[in-house]
Amino acid sequence: EAQVTQNPRYLITVTGKKLTVTCSQNMNHEYMSWYRQDPGLGLRQIYYSMNVEVTDKGDVPEGYKVSRKEKRNFPLILESPSPNQTSLYFCASRIGGANVLTFGAGSRLTVL
Amino acid sequence: DQQVKQNSPSLSVQEGRISILNCDYTNSMFDYFLWYKKYPAEGPTFLISISSIKDKNEDGRFTVFLNKSAKHLSLHIVPSQPGDSAVYFCAASSSTSGSARQLTFGSGTQLTVLP
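Going down the list, the protein sequences come from chains H and B. Numbering-wise, the numbering used here puts 47 at position 47 of the first sequence, and it's gapless, one number per residue. Numbering-wise, the numbering used here puts 32 at position 32 of the second sequence, and it's gapless, one number per residue.
Hints are computed from structural coordinates only; laboratory data are not their basis. Small disclaimer: the values here were computed from a predicted structure and weren't measured. Every residue, glycine too, gets a C-beta built ideally from N, C-alpha and C. Be careful, since some hints might not be right.
Stated by the list, open to error - Stretches of chain B that chain H covers, calculated by requiring three or more beta carbons in the stretch to come under 8 angstroms of a beta carbon on chain H: (1) 41-52; (2) 104-114.
Claimed, not checked - Take a look, some chain H residues computed to stay more than 10 angstroms from chain B by CB distance: (3) 13; (4) 14; (5) 97.
Same shape as in the complex, but just chain H (with noise of 0.2 angstroms):
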């Protein structure tokens, strides 16, 4: 089944203890990208890659790390995440060119 998989699905955590969440895509998608959903601002793009190497920060980049080093993982990282990253996160993919995207089934994060 052609799918987008992030893990962990929920979290809890504390302020300044690293974290990584795994995205994963078995369709062979050059794009992928992370976002956020918060309340009232909808989705909002945190990172994003055109290809494998190839990362460009989006909207809301600070306190983030992306990696692209296979063309099929684009783990998102928090070095020292704080309570304001508290959220819902979505990492995403798409074929090169085209306009739609896939999503994952989503990681809550929650930053005590």
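With chain H's structure known, arrange chain B on it following the hints.
Frame of chain H, contents of chain B only:
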């Protein structure tokens, strides 16, 4: 500054009636528009889209209308069913950004279809 706005956070409709969800945008460079549906504990899923060269696109019970002069689009669901209860996100992109084609999302509208 939100470039894509969904001014109604919620909408309730009776089963069998029409649901109309609205979306406004400010960036005149947007030329492709999409609607996504999101159920609780799931990721958004693509529903329907429209290019700026059209003013209407229909797919079964779902129709999207685009009014470029007003920078407004709407999603009509007829007839509405309880299974349509979800959050609906409007999104837009511009071909001027090349293959990047970043999607800008609205804040979403929670649709509740009452049996």
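These are the hints, each one checked on the structure:
{"no.": "1", "hint": "41-52", "result": "holds (count 7)"}
{"no.": "2", "hint": "104-114", "result": "holds (count 4)"}
{"no.": "3", "hint": "13", "result": "holds (20 angstroms)"}
{"no.": "4", "hint": "14", "result": "holds (24 angstroms)"}
{"no.": "5", "hint": "97", "result": "violated (5 angstroms)"}
In this structure, the one hint that does not hold is number 5.
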